[in-house]
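Those protein sequence lines, which keep their order, are chains A and B.
Position one of the first sequence corresponds to residue 78 (the working numbering), numbered consecutively onward.
Position one of the second sequence corresponds to residue 78 (the working numbering), numbered consecutively onward.
To be clear, the hints were calculated from the coordinates, so they are not data collected in a lab.
Honestly, I wouldn't trust all of these hints.
Identical copies look the same in the list; a pair holds intra-copy or inter-copy alike.
Pairs of lysine to aspartate or glutamate, EDC-like flavour, derived with a Cα cap of 16 angstroms [unchecked claim]:
| hint | residue 1 | residue 2 |
| --- | --- | --- |
| 1 | K191 | E168 |
| 2 | K191 | E234 |
| 3 | K196 | E209 |
| 4 | K197 | E270 |
| 5 | K245 | E278 |
| 6 | K197 | E158 |
| 7 | K197 | E222 |
| 8 | K194 | E270 |
| 9 | K245 | D109 |
| 10 | K245 | D212 |
| 11 | K201 | E153 |
| 12 | K196 | D302 |
| 13 | K245 | E234 |
| 14 | K197 | E209 |
| 15 | K191 | D109 |
| 16 | K196 | E153 |
| 17 | K191 | E222 |
| 18 | K201 | D237 |
| 19 | K197 | E153 |
| 20 | K245 | E222 |
| 21 | K194 | E168 |
| 22 | K197 | E234 |
| 23 | K196 | D282 |
| 24 | K196 | E89 |
| 25 | K194 | D236 |
| 26 | K201 | E89 |
| 27 | K196 | D212 |
Keep in mind the model is a prediction, meaning the values are calculated, not measured.
There are 2 protein chains.
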Amino acid sequence: DILGAIRATLAEGPLSGRHVLVTSGPTHEPIDPVRYIANRSSGAQGAAIAAALRDLGARVSFVTGPARVPPPAGVEVIAVETAREMKAAVEAALPADAAVFAAAVADWRVTAEKAGKIKKEQGKLPVLDFSENPDILAQVSRMAEGRPRLVIGFAAETDDVIAHATAKRARKGCDWIVANDVSPATGIMGGTENAVTLITERGADAWPRMTKEQVARQLALRIADHLSQH
Amino acid sequence: DILGAIRATLAEGPLSGRHVLVTSGPTHEPIDPVRYIANRSSGAQGAAIAAALRDLGARVSFVTGPARVPPPAGVEVIAVETAREMKAAVEAALPADAAVFAAAVADWRVTAEKAGKIKKEQGKLPVLDFSENPDILAQVSRMAEGRPRLVIGFAAETDDVIAHATAKRARKGCDWIVANDVSPATGIMGGTENAVTLITERGADAWPRMTKEQVARQLALRIADHLSQH
């Protein structure tokens with residue numbers, strides 16, 4: 078992506094001189110050396126947001142799980158696999174003026190990853206014990222010192238999207254939530270379009286359905302506007 | 078892959094007029110609409126075997142889970158996601174002269190896939206009940222009528238490879254087992270090379286470490302040789 082690299086170098090824009098952290102993609106949580114738990118996030122929305130922020134002049138740290146969509150050029154890429162690795166990479170990338178947590182981080186991991194492949198024995202089924210993964214969004218939102226001025230979370234919901242996302246904003250302590258409906262009927266998870274509702278302190282703003290690039294551009298402009306005023 | 082398509086059309090070889098079934102890739106077993114259990118199979122070895130069989134003149138039915146490596150040209154591709162879908166696709170593709178089960182089929186699935194995304198609630202961890210998936214290799218190996226003359230299974234082991242693979246051959250009732258060591262130290266799972274041991278009725282034959290294409294070529298030649306004699 079030569080054009081992206083050129084843009085990154087030349088970009089003079091409303092985010093010039095700003096550092097923005099973006100997380101993206103799924104995390105993979107190992108069960109044993111060959112099996113893992115994954116989710117259907119393609120990383121497309123996170124990659125588009127990182128590219129849009131770059132195009133407005135920001136320096137972007139892009140912490141990404143194993144996504145299907147490649148990272149954009151002209152951003153600093155930090156590749157991780159698990160939620161715990163993502164948390165460590167986020168901490169290392171701070172401080173930042175704004176942080177966009179677009180990754181679909183696994184809520185749970187398998188407590189004791191098996192060192193050898195779990196064997197199939199007749200009539201015996203595996204028992205997996207789960208532990209809660211670190212809540213990266215909540216932890217960054219509640220940082221006593223060095224908190225980014227604007228912390229943005231994502232909510233992938235399958236029902237009652239606005240109510241769940243509004244509750245999530247309060248629970249996590251973040252500033253904005255980008256909520257979307259990932260129920261299979263919408264075709265959004267893994268698709269090219271997105272229909273998001275932006276939840277802020279002023280309420281819920283439903284955006285029309287548009288491409289993930291357009292969502293990214295709108296969000297990047299809102300971020301630039303916010304940082305210029307706060 | 079224009080060259081592959083031309084080869085498939087022109088191929089006159091020791092497998093001309095033969096139909097060979099190949100399964101490949103991982104299966105994905107859904108937990109809920111966004112989460113699933115996967116494994117690290119890239120589908121590279123299965124795709125290479127299908128291409129090698131095609132190059133020897135075989136008509137190839139290629140039943141593949143969500144692999145990272147694209148299917149070869151000039152074979153009939155049947156894309157599936159779960160073990161149950163793979164079983165149905167295999168049954169529909171039979172009869173065949175030989176069947177190569179290179180897919181890394183999940184041994185277990187989550188018994189009751191949730192219709193909505195499992196919500197994270199404070200202090201509450203998910204409990205997953207597992208069921209055994211259909212054993213496609215054993216079922217085809219034990220077909221009373223219409224069994225392929227040569228049924229080949231794969232064994233991905235992390236320890237005691239030959240003993241485990243020899244036991245697997247007996248347990249499944251297949252003719253050959255292609256065994257490999259997928260312990261993380263070997264770098265084989267997801268890598269470009271393979272070190273296999275072929276288990277037949279005559280014992281264990283350890284092949285030198287070579288590329289997955291070379292393994293595929295050797296195996297295809299052995300299959301052609303076997304079918305010409307039986």
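Now for the hints, and whether the structure bears them out:
Proximity of K191 to E168 under the C-alpha cut-off of 16 angstroms is found in neither arrangement, the shortest distances being 28 angstroms within a copy and 34 angstroms between copies. Proximity of K191 and E234 under a CA criterion of 16 angstroms is satisfied inter-copy only: 14 angstroms between copies versus 31 angstroms inside one chain copy. For the identical chains of this complex, K196 and E209 are inter-copy neighbours only, at 12 angstroms across copies versus 26 angstroms inside a copy, given an alpha-carbon limit of 16 angstroms. Proximity of K197 and E270 under a CA criterion of 16 angstroms is satisfied in neither setting, with 41 angstroms inside one chain copy and 26 angstroms between copies.
For the identical chains of this complex, K245 and E278 are intra-copy neighbours only, at 12 angstroms inside a copy versus 60 angstroms across copies, given an alpha-carbon limit of 16 angstroms. Neither within a single protomer nor between protomers do K197 and E158 lie at most 16 angstroms apart by alpha-carbon distance, with minima of 26 angstroms and 21 angstroms respectively. Within a single copy, K197 and E222 get their C-alpha atoms no closer than 50 angstroms, and across copies no closer than 27 angstroms, so neither meets the 16 angstroms cut-off. Neither within a single protomer nor between protomers do K194 and E270 lie at most 16 angstroms apart by alpha-carbon distance, with minima of 38 angstroms and 20 angstroms respectively.
Proximity of K245 and D109 under a CA criterion of 16 angstroms is satisfied in neither setting, with 32 angstroms inside one chain copy and 20 angstroms between copies. For a Cα distance limit of 16 angstroms, the shortest separation of K245 from D212 inside one copy, 12 angstroms, qualifies, whereas the shortest one across copies, 42 angstroms, does not. Taking identical chains as interchangeable, the C-alpha atoms of K201 and E153 are never at most 16 angstroms apart, the minima being 46 angstroms within one chain and 36 angstroms between chains. Taking CA atoms no more than 16 angstroms apart as the test, K196 paired with D302 passes in neither setting, with 55 angstroms inside one copy and 33 angstroms between copies.
When the C-alpha separation of K245 and E234 is checked against a cutoff of 16 angstroms, the pair qualifies only within one copy, where the shortest distance is 11 angstroms, while the shortest distance between copies is 43 angstroms. With identical chains, the CA atoms of K197 and E209 are at most 16 angstroms apart between copies only, with a shortest distance of 9 angstroms across copies and 27 angstroms within one. For a Cα distance limit of 16 angstroms, the shortest separation of K191 from D109 inside one copy, 5 angstroms, qualifies, whereas the shortest one across copies, 23 angstroms, does not. Proximity of K196 and E153 under a CA criterion of 16 angstroms is satisfied in neither setting, with 40 angstroms inside one chain copy and 32 angstroms between copies.
In this assembly of identical chains, K191 and E222 lie within 16 angstroms of each other by CA distance neither inside one copy nor across copies; the values are 38 angstroms within and 40 angstroms between. Taking identical chains as interchangeable, the C-alpha atoms of K201 and D237 are never at most 16 angstroms apart, the minima being 39 angstroms within one chain and 21 angstroms between chains. For the identical chains of this complex, K197 and E153 are neighbours neither inside a copy (42 angstroms) nor across copies (31 angstroms), given an alpha-carbon limit of 16 angstroms. When the C-alpha separation of K245 and E222 is checked against a cutoff of 16 angstroms, the pair qualifies neither within a copy, at 22 angstroms, nor between copies, at 58 angstroms.
Neither within a single protomer nor between protomers do K194 and E168 lie at most 16 angstroms apart by alpha-carbon distance, with minima of 32 angstroms and 28 angstroms respectively. For a Cα distance limit of 16 angstroms, the shortest separation of K197 from E234 across copies, 12 angstroms, qualifies, whereas the shortest one inside one copy, 35 angstroms, does not. In this assembly of identical chains, the alpha carbons of K196 and D282 never lie at most 16 angstroms apart, being 50 angstroms within a copy and 23 angstroms across copies at closest. In this assembly of identical chains, the alpha carbons of K196 and E89 never lie at most 16 angstroms apart, being 57 angstroms within a copy and 42 angstroms across copies at closest.
For the homomeric pair K194 and D236, the shortest alpha-carbon distance between copies (9 angstroms) is at most 16 angstroms, but the shortest distance inside one copy (37 angstroms) is not. For the identical chains of this complex, K201 and E89 are neighbours neither inside a copy (61 angstroms) nor across copies (48 angstroms), given an alpha-carbon limit of 16 angstroms. Taking the shortest Cα distances, K196 and D212 sit within 16 angstroms of each other only across copies (14 angstroms), while inside one copy they are farther apart (32 angstroms).
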